[in-house]
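Enquirer: Take a look at the letters that make up each chain.
Number of protein chains: 2
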Amino acid sequence: MYDGTHYSGWQSQKNADTVQRCVESALRKITGRKVKLTGAGRTDSGVHAIGQVANFKTHSKLDLNKIKDALNSHLSGEILIVSAGYVPLKFDAQRSARSKNYRYTVTTERFVDPFIRHFASRFSYPLNMGSMRRAARALTGRHDFKSFQASGSSGSSESNTVRTIKKIKIEKRRNLVYIDIRADGFLYNMVRIIAGTLLEIGRGKMPEESIKEILLKRDRRSAGPTAPALGLCLVSVEY
Amino acid sequence: MYDGTHYSGWQSQKNADTVQRCVESALRKITGRKVKLTGAGRTDSGVHAIGQVANFKTHSKLDLNKIKDALNSHLSGEILIVSAGYVPLKFDAQRSARSKNYRYTVTTERFVDPFIRHFASRFSYPLNMGSMRRAARALTGRHDFKSFQASGSSGSSESNTVRTIKKIKIEKRRNLVYIDIRADGFLYNMVRIIAGTLLEIGRGKMPEESIKEILLKRDRRSAGPTAPALGLCLVSVEY
Numbered sequence: 000m001y002d003g004t005h006y007s008g009w010q011s012q013k014n015a016d017t018v019q020r021c022v023e024s025a026l027r028k029i030t031g032r033k034v035k036l037t038g039a040g041r042t043d044s045g046v047h048a049i050g051q052v053a054n055f056k057t058h059s060k061l062d063l064n065k066i067k068d069a070l071n072s073h074l075s076g077e078i079l080i081v082s083a084g085y086v087p088l089k090f091d092a093q094r095s096a097r098s099k100n101y102r103y104t105v106t107t108e109r110f111v112d113p114f115i116r117h118f119a120s121r122f123s124y125p126l127n128m129g130s131m132r133r134a135a136r137a138l139t140g141r142h143d144f145k146s147f148q149a150s151g152s153s154g155s156s157e158s159n160t161v162r163t164i165k166k167i168k169i170e171k172r173r174n175l176v177y178i179d180i181r182a183d184g185f186l187y188n189m190v191r192i193i194a195g196t197l198l199e200i201g202r203g204k205m206p207e208e209s210i211k212e213i214l215l216k217r218d219r220r221s222a223g224p225t226a227p228a229l230g231l232c233l234v235s236v237e238y
Numbered sequence: 000m001y002d003g004t005h006y007s008g009w010q011s012q013k014n015a016d017t018v019q020r021c022v023e024s025a026l027r028k029i030t031g032r033k034v035k036l037t038g039a040g041r042t043d044s045g046v047h048a049i050g051q052v053a054n055f056k057t058h059s060k061l062d063l064n065k066i067k068d069a070l071n072s073h074l075s076g077e078i079l080i081v082s083a084g085y086v087p088l089k090f091d092a093q094r095s096a097r098s099k100n101y102r103y104t105v106t107t108e109r110f111v112d113p114f115i116r117h118f119a120s121r122f123s124y125p126l127n128m129g130s131m132r133r134a135a136r137a138l139t140g141r142h143d144f145k146s147f148q149a150s151g152s153s154g155s156s157e158s159n160t161v162r163t164i165k166k167i168k169i170e171k172r173r174n175l176v177y178i179d180i181r182a183d184g185f186l187y188n189m190v191r192i193i194a195g196t197l198l199e200i201g202r203g204k205m206p207e208e209s210i211k212e213i214l215l216k217r218d219r220r221s222a223g224p225t226a227p228a229l230g231l232c233l234v235s236v237e238y
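Here the protein sequences come in this chain order: A and B. Letter 150 of the first sequence, counting from 1, is numbered 149 in numbering that gives the first Met the number 0, and no numbers are missing. Letter 45 of the second sequence, counting from 1, is numbered 44 in numbering that gives the first Met the number 0, and no numbers are missing.
Chain A on its own, in the form it takes in the complex (with noise of 0.2 Å):
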């Protein structure tokens, strides 16, 4: 669980401070060896978590709990290690995920609640809620998602860009709406623009028809703007 506000995101990068460098290297003082984590998710800088997933190998005969208690002692208050169990050797916690759950949480309010201010981001237009779930559920399903994978993002690009959206559920409490979204996987960028897209369809500038047309097209030009990442949250994984 972290709160991604002032991390480079989790995956390890030169000069950056990002979750996963963070667990290793707590994870190093612990063991004594350098260790190499991997997690499920790949979250971007300001993306938060509350269920990722990261796997390791260790020779270490600590308990597991000592580890888990060492591990958060070591951590910055940011990041919390919830819970931590053995696996098998073949376990990867990014390619045995059978589904990821992602959290998009917008605020429509024009000036936002400061307690909430990391964790949603400020969309000042009236929303059509049905236009966004009927968008939605033409997102829903075994599709090309190409056009909603970012562009040009060296190594992050997949060439099999096709996967299974399970559920996009869309919510609206009071001033904040929430858009759920779980997938077998997720491209680059993949939940952030599937918001920005939806996100302009509720604003009616674009139609809720589009879906179908963009998911041919095979081009990030045709979908929506990506969604800032602060609204970003990686809720669960599945095995």
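None of these hints come from the bench; they were simulated from the model. There's no promise every hint is true.
Copies of the same chain look alike in the list, so a pair counts if it fits in one copy or across any two.
[Unchecked claim] 25 Å max Cα-Cα, derived SDA-like pairs, lysine to any residue: (1) Lys165 - Arg219; (2) Lys171 - Phe114; (3) Lys166 - Lys216; (4) Lys65 - Pro125.
Once you've looked at the hints, dock chain B against the given chain A.
Expert: Frame of chain A; chain B shown alone:
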């Protein structure tokens, strides 16, 4: 409404970022004149507010909502002006208050949820809610709370230390304990010393019957420790 994490409290001080100073400086830009704010509660460094109230006098003929919106545009995302209204000239946000409500939040988890780390203080002992509630009952009513006033705080210590606590409600939801206190006024650090004392009673370090004695002693040393600022929030003020 403000997230007080990165502020040196409400009240203007030399060379310190305070909420009052930020709002006054924004008001100065908007009205073109120096403005003096009077706040209902002088929240400490790190203390939050959902319902702070402040008043000021101005000759500006700007529309009330324009002032509110302009303030929100000038202020950082950590402070939000929720509403604005006209008051009689003699209104004083602090002195005219009939009662104030503060909430103190404690988490009993050993490691704190990253998303509430600035809003709940950690207390890792099991708490006896019954003891805490009975002790709270002994605090309720009109008493001399001198024992619950921070000592030696220049300018902040009051000679009249009699206050009326109208209600204390203690609730536990999952791993969070909420202490809600309503009083006609609070002495310096009073809520945090009450919270600190109730927590000592809750963990069995002080007997629940000790409240009467503490009140009678009129000595800060007789009460429990001052609970950390980050768990405190000014919830509302009634006039």
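Enquirer: With identical chains, the pair Lys165 and Arg219 could be close in the same copy or across copies; at 25 Å between alpha carbons, which is it: within, between, both, or neither?
Expert: This pair counts as within: shortest intra-copy Cα distance 22 Å, inter-copy 60 Å.
Enquirer: When no copy is specified for Lys166 and Lys216, does a C-alpha distance of 25 Å or less occur within a copy, between copies, both, or neither?
Expert: within (22 Å within a copy, 63 Å between copies)
Enquirer: Cα distance capped at 25 Å. Does Lys171 pair with Phe114 within a copy, between copies, both, or neither?
Expert: Answer is both; intra-copy 18 Å and inter-copy 21 Å each pass.
Enquirer: First find the shortest C-alpha distance between Lys65 and Pro125 inside one copy, then the shortest across copies, and answer within, between, both or neither for a cut-off of 25 Å.
Expert: Cα proximity of Lys65 and Pro125: across copies only (21 Å, versus 50 Å in one copy).
Hint check: no violations occur; every hint is consistent with the structure.
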